[in-house]
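Next come the chains, spelled out residue by residue.
There are 4 protein chains.
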Amino acid sequence: MTTIGFAGLGNMGSPMAANLIAAGHDVRVFDLVEDLMTNVSGAHPQTSAAAAAAGVDVFISMLPAGRHVESLYIGDDGILSGMSKSTLIIDCSTIDPQTAQRVAAAAKAHGCQMLDAPVSGGTGGAINGTLTFIVGGDALALERARPVLGAMGANIFHAGASGAGQIAKICNNMLLAIQMAGTAEALALGVSNGLDPAVLSQIMKESSGGNWALNVYNPYPGVMSGVPASRNYQGGFLVDLMIKDLGLAMQTALASRSSVPLGSLANNLFRLHEQTADAGQLDFSSIQKLYLRKK
Amino acid sequence: MTTIGFAGLGNMGSPMAANLIAAGHDVRVFDLVEDLMTNVSGAHPQTSAAAAAAGVDVFISMLPAGRHVESLYIGDDGILSGMSKSTLIIDCSTIDPQTAQRVAAAAKAHGCQMLDAPVSGGTGGAINGTLTFIVGGDALALERARPVLGAMGANIFHAGASGAGQIAKICNNMLLAIQMAGTAEALALGVSNGLDPAVLSQIMKESSGGNWALNVYNPYPGVMSGVPASRNYQGGFLVDLMIKDLGLAMQTALASRSSVPLGSLANNLFRLHEQTADAGQLDFSSIQKLYLRKK
Amino acid sequence: MTTIGFAGLGNMGSPMAANLIAAGHDVRVFDLVEDLMTNVSGAHPQTSAAAAAAGVDVFISMLPAGRHVESLYIGDDGILSGMSKSTLIIDCSTIDPQTAQRVAAAAKAHGCQMLDAPVSGGTGGAINGTLTFIVGGDALALERARPVLGAMGANIFHAGASGAGQIAKICNNMLLAIQMAGTAEALALGVSNGLDPAVLSQIMKESSGGNWALNVYNPYPGVMSGVPASRNYQGGFLVDLMIKDLGLAMQTALASRSSVPLGSLANNLFRLHEQTADAGQLDFSSIQKLYLRKK
Amino acid sequence: MTTIGFAGLGNMGSPMAANLIAAGHDVRVFDLVEDLMTNVSGAHPQTSAAAAAAGVDVFISMLPAGRHVESLYIGDDGILSGMSKSTLIIDCSTIDPQTAQRVAAAAKAHGCQMLDAPVSGGTGGAINGTLTFIVGGDALALERARPVLGAMGANIFHAGASGAGQIAKICNNMLLAIQMAGTAEALALGVSNGLDPAVLSQIMKESSGGNWALNVYNPYPGVMSGVPASRNYQGGFLVDLMIKDLGLAMQTALASRSSVPLGSLANNLFRLHEQTADAGQLDFSSIQKLYLRKK
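Protein chains in written order, with my numbering: chain Y, 1 to 295; chain L, 1 to 295; chain F, 1 to 295; chain G, 1 to 295.
Watch out, some of these pointers could steer you wrong.
A pair counts as met if it fits within one copy or between any two copies, since identical chains are not told apart.
Claimed, not checked - Derived DSBU-like pairs (lysine-lysine); straight-line CA-CA distance at most 30 angstroms: (1) Lys85 to Lys108; (2) Lys108 to Lys244; (3) Lys289 to Lys244; (4) Lys289 to Lys205; (5) Lys205 to Lys244.
Treat the hints as calculated values from the structure; they're not laboratory data.
Produce the complete structure using the sequences and hints provided.
Encoded structure:
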């Protein structure tokens with residue numbers, strides 16, 4: 001049994017904490033919204049993040065953005081300075097690599113090991129314990145983390161040094177946005193030229209057009225059952241979250257003077273979709289709607 | 001044994017004809033370049049396309065562009081008018097759907113069944129008999145064609161009515177261009193932020209970034225063996241051919257008033273790549289070079 | 001006084017013919033829609049295009065697309081073969097350069113001089129006789145045409161040989177689409193960051209952001225009076241017509257293997273705008289709406 | 001006579017300071033590079049920025065990026081805390097609006113008036129005193145600044161409150177990048193279809209394609225004399241600086257969740273141009289080279 005502190009009990013954090021408890025760990029939780037703490041059965045609510053972090057073996061954070069992570073650890077009332085040097089810190093938030101590196105450097109200066117370990121797999125993966133962790137940081141620290149991460153996810157990748165987890169996730173999600181929109185575009189082109197979207201999907205899937213979006217998350221309504229496209233794009237991975245991740249990709253590209261023409265266009269297409277269809281709370285495969293004629 | 005006429009013995013046509021002969025068919029070939037006919041061992045060279053088509057069970061054409069197909073069948077000296085009504089016509093050329101439909105309509109008026117059956121799989125697939133055929137036309141005609149197509153390829157898809165084979169291939173290859181360039185872009189973004197391209201490839205492949213280009217045709221030099229990226233982009237599917245297929249996609253989108261922003265950008269990126277690096281005769285995964293800093 | 005035949009009395013053709021009559025010419029008109037002929041006061045309606053073209057000094061056509069022009073002159077019942085060699089032919093339609101060149105070559109073979117002379121200036125320019133003519137063809141033929149063109153327009157440019165008028169107009173309108181959408185984008189960016197669109201317009205107009213769209217055709221509602229943006233984008237140059245011209249630009253780029261990434265994106269943005277807002281019959285400056293948040 | 005402190009004597013700052021001296025002001029200068037201070041004839045070199053700012057009527061800064069401005073005024077050794085409340089601060093640097101607003105808020109809290117006043121017009125405008133100032137901040141503060149700005153520039157625009165000068169400049173330069181690249185694209189399309197670039201330029205200039213880039217800064221070699229395109233793109237406004245400004249536009253768009261598809265594509269085209277042709281130190285109209293066939 002490991003004692004684990006856990007900060008951030010949103011849609012992702014709550015089921016992740018629940019899986020840690022189910023695996024037999026002692027989990028001390030904190031969230032600014034008090035009700036979220038009592039909703040996680042078997043968790044030990046704390047009165048502050050500092051209390052949740054006090055003396056634990058592992059401390060995990062799952063927060064919305066870089067500024068929250070920075071504030072939690074190294075802000076004016078940051079908890080890092082009070083943490084035990086033996087605590088392993090794992091930040092599972094998806095944030096900009098610069099902040100991830102800055103906070104990890106502060107942790108190292110304090111004497112703690114810290115990993116950035118953003119996840120993919122969405123709320124479904126969080127509930128079922130099948131998340132993918134993409135980890136940046138020291139390889140030995142990752143070995144320490146494996147048993148804990150293994151209770152929450154099915155795949156663990158080591159992307160490189162501090163921040164590399166964030167960069168790899170950003171690259172992956174930018175490519176995902178491109179191929180989801182590209183798949184929607186190819187399907188719409190076929191349909192407006194008389195093809196059946198299911199037949200075209202089948203052909204491209206077994207040909208060189210195959211990709212994750214087409215193969216397991218088809219955006220065209222009615223082609224695949226059990227995906228958001230078949231329930232009016234409810235649930236899934238929200239357009240607003242994809243726009244957030246694309247924003248991180250754009251910032252990373254700007255900071256490294258990288259050319260990302262397709263990524264930039266995908267970013268703008270998702271924004272136009274969000275604006276013209278008020279689609280922020282729909283699944284991101286709803287980008288298909290942008291391509292379909294209204295009448 | 002089937003008697004087969006075959007017109008067009010280029011890089012694709014020659015090995016396709018050879019596989020038909022190897023399967024025991026009687027193959028009568030024609031090409032404007034005489035030497036190409038004598039190079040196909042076991043084939044019966046003819047003095048004209050009309051001679052190759054005279055009285056055969058099946059007639060196959062494999063030509064560079066729509067104007068060649070139109071000219072062969074329904075031009076001033078077109079062979080269609082002299083063909084037997086019992087001959088099944090299979091055009092394996094990749095051409096614009098409009099021409100495919102026009103020629104198929106003429107064949108129908110004449111009394112012949114005709115299929116458009118563009119292929120994917122490249123010269124390797126043609127040599128090894130593992131091509132994919134994407135077929136448009138009547139389902140019964142496709143049943144007649146299966147034994148012959150099966151001698152040249154491993155997969156046969158029925159996309160729909162006349163022209164649908166061309167449309168499905170166009171959609172597939174537009175999506176392929178998007179995901180090849182998108183993959184190159186994501187890899188370059190990762191590398192310029194310190195990631196190892198092989199590690200990043202591995203992570204994205206097993207995550208939602210997975211796609212045909214990343215999974216089996218990695219564009220980054222040194223990541224995957226046996227692909228064009230590991231032999232200076234020699235061989236494979238040429239940039240010039242991808243530009244041809246993207247041109248067909250753009251025409252099809254214009255004709256159907258479809259929005260294809262990512263496909264259009266991919267088209268222009270391949271053109272810029274061809275222009276700035278004189279890359280027309282390199283494999284299309286060389287688009288990776290457009291994204292790498294010259295230093 | 002010149003005898004002039006005129007085919008095509010749509011929104012543009014009718015006022016153009018009326019200006020020729022006002023300038024004292026003898027104008028013989030034909031349109032498939034009989035009522036359109038009687039609406040042009042002072043014109044001499046004919047029973048066919050051939051009748052309108054018989055023995056005139058100058059014959060003018062103003063038709064929707066290349067296929068109409070091709071059909072009129074060199075189709076199955078084409079009028080060219082019956083025309084007098086002394087008749088100067090001026091096609092004012094905006095069509096693809098290939099068709100313009102093909103028809104002009106046929107005219108030359110027949111012994112007639114022919115000019116392609118697409119116009120800009122819209123219905124307002126047609127009514128007021130202030131059109132701009134962008135002319136391709138022989139310089140001496142243009143000198144013959146000047147007095148007639150001068151009765152309908154204020155500016156006459158000689159772009160080059162046959163087809164050059166079409167190419168120059170296509171280039172101009174592609175650039176116009178880019179700068180109209182670019183202006184809309186810059187204004188929306190400023191407004192969403194707190195700027196007054198009128199103040200920002202004024203600053204950019206007198207700086208390096210100045211362009212025709214910003215300077216005389218501001219797309220932001222309420223900034224400039226007397227433009228479509230100030231009357232709910234009614235009237236003006238329709239989105240559908242801009243999409244037609246962008247289609248010609250895309251075809252011209254494909255045929256010449258030219259890279260037009262911004263033009264292609266503008267083309268797709270206008271299409272997305274048309275699709276998502278059913279905007280085909282609005283003025284093209286309504287592209288501004290694509291950029292404005294719905295709420 | 002006004003006493004003026006001036007920090008930052010680069011390619012822009014030096015001639016600006018020189019024009020203030022020529023107008024009879026007492027100018028106290030500071031730059032980290034000592035030689036730059038002695039090169040400005042008539043200026044009074046100081047040993048620190050704080051010394052240059054001590055007790056002056058007006059203090060002007062002209063620095064490369066937001067972090068320099070932030071550091072100068074409110075960093076660890078920031079000079080703001082030691083400045084007289086009667087000193088008017090004018091920051092002429094082109095930086096991100098967020099930093100501009102943050103520093104201006106600190107100045108206000110300290111009791112000083114501060115303007116953001118980025119310039120356009122390049123080194124030529126700086127030398128000739130014909131710069132354009134785009135100003136954000138209080139209108140009364142701008143009135144105080146006018147006599148000083150007037151010694152360095154010809155046009156002064158009031159864009160709005162603090163930061164508005166930066167936003168307006170960013171919008172303008174994003175539009176400039178779009179229309180420069182769009183102009184290059186239209187010219188290349190025309191040329192590859194046989195048009196003379198000078199003739200096409202003339203036609204578009206007097207038609208709806210007219211824009212600042214086309215009209216006074218033609219990017220096609222040989223069309224216009226006295227512009228960078230006619231001297232191998234030496235001098236002028238560097239690609240690297242345009243990329244910097246486009247980076248600010250992209251950040252501003254991300255922060256305000258604005259859609260800027262054409263601006264994003266222009267950003268990526270300038271980056272691709274810089275990468276593939278090592279063009280960072282060429283004038284930005286050299287984007288024309290990206291569109292011309294290498295042959």
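We went through each hint and held it up to the structure:
no. : hint             : in the structure
1   : Lys85 to Lys108  : within (9 angstroms within a copy, 43 angstroms between copies)
2   : Lys108 to Lys244 : within (28 angstroms within a copy, 33 angstroms between copies)
3   : Lys289 to Lys244 : both (20 angstroms within a copy, 23 angstroms between copies)
4   : Lys289 to Lys205 : both (21 angstroms within a copy, 27 angstroms between copies)
5   : Lys205 to Lys244 : both (28 angstroms within a copy, 22 angstroms between copies)
Violated hints are absent here; each numbered hint is respected by the structure.
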